[in-house]
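Trainee: For reference, the chains in residue letters:
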Amino acid sequence: MKSPRELLRENNPFSSHSQPDPWVNQFPTISSINGDAFITITRIISYKQKNPHDPVGILVKGEAGSGKTNMIARIREYCENTSFEVKFSMIRPIINYNTPIQHLFHGIITNLSHPLRESFKFTQIHGILFSMIYEFIDQKEEYRQAFQPFKDNPETFFRYFSDHGKERNILYNQVQSWIVDKIPDINHLFIKLIFAFGDPDLNYPARNRLAGEVADPEDASLLNIPFKELSEAEAEDEASKFLKSLGLLLTYLHQCLIICFDQLENLSTPEHQRAFGLMNQMIFNESSAILPLAFMRTLYWEKFEENLDRAVTDRLGMNQVDLLGCSQEQIQEIITSRIKVVFPDMWEMLADWLIPKVVSSIGKYPSPREVIRTANTIIMMIDEKWAEVDIPFPSPDEVIRSAWMLEHDQILSDLDSWPPDYEQITSALQTFLKSRRAEYAWKKESRKNILTITHNSKRCCIIINTNRNHSAIGAGFTRGVKFLQNNPGCSCLYLTDPRCIVTKPTWIQTNQKREAFLAAGGQIMQPSEGEIARFYALYSLFCKITEGDIQIETKQGIRPITHNELHAYVGNKEAFRSLVPVIPAIVPTGEKNKRDISKREVSDEAVHTTICNILYSHPMHLMRADLLVKSLQENGISMTYDELIIWCGKHSTAYTILPNQQGSLIIAKGKGPICRDSP
Amino acid sequence: MNTKEISGMDLTVQDILTQLFDKQKRDYLTITQLKKSLPKGVERILGHQVKKLNNKEFIDSIKPFLPNTYSIQKKGNRTYLLRAPIQDIILAYIAQRSPISIRNMSKYLPFQKGEIADTINTLARSGAIELQIVAQSKDFNVQILVHENPDFSLEIKKAYDIIRRDRNYVKIYELRRYLKWPKNVFDSCIQSLWDTGVVELQASDPQILTEDQRIDSYMDTNHTLRILLFWRGA
Chain A
1 MKSPRELLRE NNPFSSHSQP DPWVNQFPTI SSINGDAFIT ITRIISYKQK
51 NPHDPVGILV KGEAGSGKTN MIARIREYCE NTSFEVKFSM IRPIINYNTP
101 IQHLFHGIIT NLSHPLRESF KFTQIHGILF SMIYEFIDQK EEYRQAFQPF
151 KDNPETFFRY FSDHGKERNI LYNQVQSWIV DKIPDINHLF IKLIFAFGDP
201 DLNYPARNRL AGEVADPEDA SLLNIPFKEL SEAEAEDEAS KFLKSLGLLL
251 TYLHQCLIIC FDQLENLSTP EHQRAFGLMN QMIFNESSAI LPLAFMRTLY
301 WEKFEENLDR AVTDRLGMNQ VDLLGCSQEQ IQEIITSRIK VVFPDMWEML
351 ADWLIPKVVS SIGKYPSPRE VIRTANTIIM MIDEKWAEVD IPFPSPDEVI
401 RSAWMLEHDQ ILSDLDSWPP DYEQITSALQ TFLKSRRAEY AWKKESRKNI
451 LTITHNSKRC CIIINTNRNH SAIGAGFTRG VKFLQNNPGC SCLYLTDPRC
501 IVTKPTWIQT NQKREAFLAA GGQIMQPSEG EIARFYALYS LFCKITEGDI
551 QIETKQGIRP ITHNELHAYV GNKEAFRSLV PVIPAIVPTG EKNKRDISKR
601 EVSDEAVHTT ICNILYSHPM HLMRADLLVK SLQENGISMT YDELIIWCGK
651 HSTAYTILPN QQGSLIIAKG KGPICRDSP
Chain B
1001 MNTKEISGMD LTVQDILTQL FDKQKRDYLT ITQLKKSLPK GVERILGHQV
1051 KKLNNKEFID SIKPFLPNTY SIQKKGNRTY LLRAPIQDII LAYIAQRSPI
1101 SIRNMSKYLP FQKGEIADTI NTLARSGAIE LQIVAQSKDF NVQILVHENP
1151 DFSLEIKKAY DIIRRDRNYV KIYELRRYLK WPKNVFDSCI QSLWDTGVVE
1201 LQASDPQILT EDQRIDSYMD TNHTLRILLF WRGA
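Just so you know, the protein sequences line up as chains A and B, in that order.
In this text, residue positions in the first sequence follow my numbering: the first is 1, and each later residue adds one.
In this text, residue positions in the second sequence follow my numbering: the first is 1001, and each later residue adds one.
Hints in this document: simulated from the structure, not taken from any laboratory.
Glycine is no exception: its CB is placed at the ideal position from the N, C-alpha and C atoms.
Partial selection, computed: residues in chain B whose CB lies under 7 Å from chain A:
1) 1168
2) 1194
3) 1197
4) 1200
5) 1202
6) 1203
7) 1204
8) 1205
9) 1208
10) 1223
So here's chain A without its partners, still in its complex pose:
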């Protein structure tokens, strides 16, 4: 019989202590932790719902590990419990401070279009649409009876109408005219795009257009909207109009939208801080039914408010909430709840062993992270005489490697939270190049970034673009051709996200430019989803390090990991694989398609059955993801590690992905059927 320590060490529920993403539920919420802060927040949310025009904000202050991201996840859960009558969004730190409102609205749309359940790509935008339809039908006696079966089930409504396009279009047109009549100031383009979003055939272009991407005349014609390329100022103006319209719509529907601004410590320059101020000015002064929440470390706020407009600091700071440490009961709850997730059958014995040890070696009011860290330390100690054995402190490389793996797998399991973003890809690439001590120059051009690397008098130009617009893409290729003509013998990469198209057959001019680019020696790099997740993971890790969120235990106490340590880790070729191929290596552009085809050969049900068979023959129904990949192969299913993580992320009601020292653990939640990807 294994000892409690051995059991816990094998499948350690405490090896990671950070909440990965507000959209991911790894461990159950413990409602009493920062319960007062949460009650204050929900009270203000209710107030905002009743008083949509009152410009209120909330400032949530907490130290690293005090549960800021966990609080955001809890607010998302709260929104979910209101059936998303209260809408949820979370905004990442702004990179391009010249476009604050576009950044804000892009972040809002990313969250509002995030799938809520795996059964159907139902989103918060579907919820808005359904509320409008509900209100409309409520006033039309003749429709009420027909609508009855869908009344409390919006998902059934959209499922039904996805097969009845004609009826849907008639209904949508009527509701659209009705709502424009009810809210005369609403932007017509905005409302049209919201309805287009509810059409499964137009969902994708409508989402992109709402997020500020002007694709091409073909998409505009599909959406039945005029095609116009927007200047930066016009795009900013449009985002403002869309934001105001969203506020008007929510006000009419008696709903509201929460905007959580996280990782604000990354707004390091006064320009970035002012951009944050402008977003809030827009929310407070020109929008309704939108409630901003700023999450920040306590002392940063003191510095931060010096650079913000007084009106913004007053309104954000009028409701301040401080996150506090845990009571003894809460310490017990944290430990018990984590153990229960991994050991549902023997949690009691393990909790009884661990809790007294943690309580006796921790100070008063520890932060949740301190509790988890202490539990992990005790589990990792060599034997029962733990007090007399000094465990070696982890090296910065070990801490970063573990944080990196967690970040990568979490992003990969929920790529919907990370839409294509050339600014984030550029930022990751800059971190990588800096770490490898590469000499490079960065230039921002319209809708794209250019990095020019100089090495041994040879130069390589990387054009980073994630816009799905034909002229932006074409301009990227033209830029590449010019570079190659002016720099004979040098190389040029066009880098984009795998979810972005490079060109369409109908884009004649863009295709010509692409051909010219390839003929001049240019290369197109469109990494796989697993590879692009590495870019976003590096960017996210950098932000977390700026925030002081990645910490290391040393002989001199606990301290945050530094950027220099991150650079040292990424700079080590053996520890960190290159983000870009060694230039001018051949870029394997065809590999992604091959994998897509092979994936389609096996149905989701077959994968689910095989994974269940494997996991349920294992103790605790869990397995390390890399070992599961091998077992799947032995059972005739070929999947890479990345593909397995993506697959389990898409079926999160059936599987939990837990971070572990050697990569992710996959836990089966139940043998029930999984749902299909699409309706």
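Starting from the known structure of chain A, fit chain B onto it as the hints suggest.
Mentor: Below, chain B without anything else, positioned relative to chain A:
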């Protein structure tokens, strides 16, 4: 955690000295006492045979290994090694013997009269001690008292409420500077309030503070610098 035995193996000079002072239950030792009590292993660290060194040579060899709070003090013919600031040693001495006359104290402690007078005045001003004039047959004497259970909590709460203004916390260095209490008094007070759940001490980000502000914050027993204090009022 376990107490390491004095063997000289894997221990720093600071570890060895701390254990020596603790064993003697004193905050000061003469150099001669110190030389006699040091374990053999220390010679490996100092690079000299302690017995062969005169006091001056011994002081020179040990000085580079001493932590900041340690100092060398002379009184009469004797040279002492102190392990804490004078103010802290005097207060600890009084606290163990209160009430004590200033004359007795002066006789036993290894400090000059001027130093004692300055320290007592500072401690009296800070409220850490109380002075009482006692009439004697020929003269007056000064008795020094430390309340058995002084209500430090009340004083700290008063200061906390003044400093925090509209915030729910104070920075520990601001509280320390406001109260101007001796370091060990302040530290033991907030540690005791933390242990009993009256306050919560949070770590925050030391990089935001200046070196002085960091020094005036509070280093806990796990070597984590605590910067913020929240009144939880259990």
